[in-house]
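Using the sequences and the hints given, assemble the complete structure.
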Amino acid sequence: MLKINNLHVSVGDKPILKGLTLDVPAGEVHAIMGPNGAGKSTLGYALSGRPGYEATEGSVEWAGEDLLALEPAERAAKGVFLSFQYPIEIPGVPALTFVRTALNAQKRARGEEEVAAPAFLKLVREASKALKMDFDMLKRPLNVGFSGGEKKRMEILQMALLEPSLLILDETDSGLDIDALRIVSEGVNALRRPDRAMLVITHYQRLLDYIKPDRVHVLAGGRIVASGGPELALQLEAEGYDKYLPPVLEGAA
Amino acid sequence: MSAAFNIDLTDAESFPSRRNEAWKYSDLKRWLREAPQPSPTAAVGAPGPFYDLGGDAIVFANGRAVGVTDFIASGEQTLRLRYISDAVGTGHSAGARVAVRAGAKLLLLETHEGAGSAYVAHNTLELDVAAGAEVTRVVLVEEPEDAISVSEAHVKVEAGGVYRQTIIATGAKLQRIETRLSHFAQGAHVQADGLYLLNGSRHTDLTSVVRHMEHDGTTSQLIKGVARDTARGVFQGKIVVERGADGTDARMGHHALIASERAEIDAKPELIIYADDVQCAHGNTVGTLDESALFYMEQRGIPAEEARALLTQAFLIEVIDRIEHEGAREVAREWLTARL
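Here the protein sequences come in this chain order: A and B.
Take the first sequence: its position 71, counting from 1, is numbered 71 in my numbering, and each next residue is one higher.
Take the second sequence: its position 142, counting from 1, is numbered 142 in my numbering, and each next residue is one higher.
Simulated from the structure, these hints should not be mistaken for laboratory data.
You may find that some hints are simply not true.
As the list claims (entries may be wrong) - In silico negatives: residues of chain A with every beta carbon more than 12 Å from chain B:
{"hint": "1", "residue": "Met-1"}
{"hint": "2", "residue": "His-8"}
{"hint": "3", "residue": "Ala-26"}
{"hint": "4", "residue": "Pro-35"}
{"hint": "5", "residue": "Gly-58"}
{"hint": "6", "residue": "Ala-109"}
{"hint": "7", "residue": "Pro-118"}
{"hint": "8", "residue": "Arg-125"}
{"hint": "9", "residue": "Lys-129"}
{"hint": "10", "residue": "Asp-136"}
{"hint": "11", "residue": "Leu-138"}
{"hint": "12", "residue": "Glu-171"}
{"hint": "13", "residue": "Gln-205"}
{"hint": "14", "residue": "Gly-240"}
As the list claims (entries may be wrong) - Sample of chain B residues at the chain A side, in silico, Cβ under 10 Å:
{"hint": "15", "residue": "Tyr-296"}
{"hint": "16", "residue": "Glu-298"}
{"hint": "17", "residue": "Gln-299"}
{"hint": "18", "residue": "Gly-301"}
{"hint": "19", "residue": "Pro-303"}
{"hint": "20", "residue": "Leu-310"}
{"hint": "21", "residue": "Gln-313"}
{"hint": "22", "residue": "Leu-316"}
Said to hold, decoys possible - From the structure, some residues in chain B lie toward chain A, with a derived Cβ separation under 10 Å:
{"hint": "23", "residue": "Asp-290"}
{"hint": "24", "residue": "Glu-291"}
{"hint": "25", "residue": "Phe-295"}
{"hint": "26", "residue": "Arg-300"}
{"hint": "27", "residue": "Ile-302"}
{"hint": "28", "residue": "Glu-306"}
{"hint": "29", "residue": "Ala-314"}
{"hint": "30", "residue": "Ile-317"}
No residue lacks a Cβ here, since even glycine has one placed at the ideal position from N, Cα and C.
Pasting the structure below:
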């Protein structure tokens with residue numbers, strides 16, 4: 001279970017998250033919705049430990065660990081996975097090499113046995129088939145020359161292989177057409193398990209038609225300002241975020 | 001063959017200083033004020049990195065030839081050229097001459113294998129590539145961090161000859177690896193690649209002068225390097241296209257990563273063109289490791305140090321991938337990977 005308590009995060013000198021409190025029990029999917037600039041991506045980066053995103057106050061506990069005290073790679077080994085809104089291209093490192101290096105680094109960190117190449121290839125073949133990915137593509141440098149949809153599938157493939165227990169999906173629907181959105185969502189839904197928690201960060205309600213959340217939270221001005229069931233997403237879609245935005249002062253020029 | 005090597009380790013007057021434009025970034029005189037005492041004899045120990053690829057060998061140990069110093073290649077041959085240094089505070093010079101007959105094919109595997117400390121080495125190679133001959137030269141340079149070395153190669157490529165070289169250097173206190181190459185006749189093809197990977201306070205200087213003297217020659221040069229800590233990488237690449245060398249196609253690229261705030265890269269690409277109908281281009285970039293790529297890799301569980309090494313290797317490997325000969329390429333790849 002993820003417990004975020006009164007989290008304050010600054011980027012440079014600028015406070016972005018200002019006292020965010022949120023609990024996500026294992027087995028549940030929680031959606032974080034909010035207007036642009038609310039701090040949605042910052043939350044994903046802060047949970048995964050991106051340099052430059054400094055927690056100035058508050059705490060984050062994941063599976064009994066103080067997450068904020070760990071290096072990004074240590075958090076990954078504890079099961080934290082951030083699916084990037086814009087997955088990074090890594091020239092010179094084939095996708096297969098990358099994922100195997102990551103998987104074995106995580107296993108080493110957990111004191112587990114590494115996966116040998118033949119067993120790994122078998123896992124990848126099965127997982128890529130389920131996502132309708134061309135296996136040959138995985139021999140190319142990671143994400144280099146991949147379309148937006150291919151990059152997102154690559155993220156889901158990594159999730160399937162790395163088997164994280166806390167999944168953070170940052171705007172996973174951006175740049176996807178409706179077919180790609182369905183394939184990616186099916187990939188995510190296949191990963192739902194009683195021992196896994198998911199945080200789905202999105203601006204639009206559309207993604208939640210495919211990945212059904214247990215709870216929906218509205219993030220505005222760096223805090224959770226409203227929480228509810230799936231119907232809250234529909235309400236936001238109909239009414240917009242206006243009522244959660246800071247009031248404009250009368251007469252201010 | 002005319003010797004054009006001006007440095008004489010027994011004569012301190014011959015050591016260039018930064019007052020000499022070509023030695024601006026590698027001031028030999030500063031580190032070497034006096035002629036070093038001559039090195040004693042040394043034993044040839046380990047068989048060298050390219051041993052498994054077989055072939056003939058020219059071996060120097062502390063400058064002394066163990067067997068022949070000259071080699072004439074015909075047919076298809078492999079030659080291992082080994083400059084072994086194992087000395088403490090002394091100096092030695094070695095010179096090899098290699099001629100490759102018309103139509104012959106030579107794989108030249110050169111290693112600078114340094115042990116001991118604070119030695120001074122001066123190595124020279126004269127290499128003639130006859131018409132239609134093909135040479136692949138791969139050079140691995142590994143020396144102690146307090147050694148000083150200057151290596152010079154003079155290469156002459158005749159009509160339709162093909163010459164490819166890849167220099168892989170890890171630096172020393174001062175290390176200069178210079179190639180002077182002439183497209184001596186028409187239609188020669190040259191690839192003059194190199195890479196450097198420098199730690200600590202190491203210094204390496206890859207200098208090359210490629211002269212197109214006749215028409216329709218091609219030159220392709222890709223140099224990549226990484227400087228960490230307080231290391232310093234120097235690339236000086238000059239391509240001269242002489243009057244009448246029409247149809248020349250020359251491309252030069254130098255790309256380096258600075259992996260620490262105190263590391264330094266000095267690059268001086270020069271294209272000097274006296275002919276009309278030529279295509280020449282150069283590109284030079286110096287940057288740092290991509291922080292967002294590093295974070296992405298760490299987020300997937302790859303520890304920071306391992307992520308840096310992987311990105312560094314990915315950056316440099318392009319040079320290795322261009323090595324034509326598969327066996328040599330794989331030795332070079334392993335050699336580099338072991339030193340990341």
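Hints, one by one, checked against the model:
no., hint, in the structure
1, Met-1, "holds, 21 Å"
2, His-8, "holds, 21 Å"
3, Ala-26, "holds, 20 Å"
4, Pro-35, "holds, 25 Å"
5, Gly-58, "holds, 21 Å"
6, Ala-109, "violated, 7 Å"
7, Pro-118, "holds, 21 Å"
8, Arg-125, "holds, 20 Å"
9, Lys-129, "holds, 22 Å"
10, Asp-136, "holds, 19 Å"
11, Leu-138, "holds, 15 Å"
12, Glu-171, "holds, 16 Å"
13, Gln-205, "holds, 27 Å"
14, Gly-240, "holds, 32 Å"
15, Tyr-296, "holds, 4 Å"
16, Glu-298, "holds, 4 Å"
17, Gln-299, "holds, 5 Å"
18, Gly-301, "holds, 4 Å"
19, Pro-303, "holds, 5 Å"
20, Leu-310, "holds, 6 Å"
21, Gln-313, "holds, 7 Å"
22, Leu-316, "holds, 9 Å"
23, Asp-290, "holds, 8 Å"
24, Glu-291, "holds, 7 Å"
25, Phe-295, "holds, 5 Å"
26, Arg-300, "holds, 4 Å"
27, Ile-302, "holds, 5 Å"
28, Glu-306, "holds, 6 Å"
29, Ala-314, "holds, 3 Å"
30, Ile-317, "holds, 6 Å"
In summary, the one numbered hint that this structure violates is 6.
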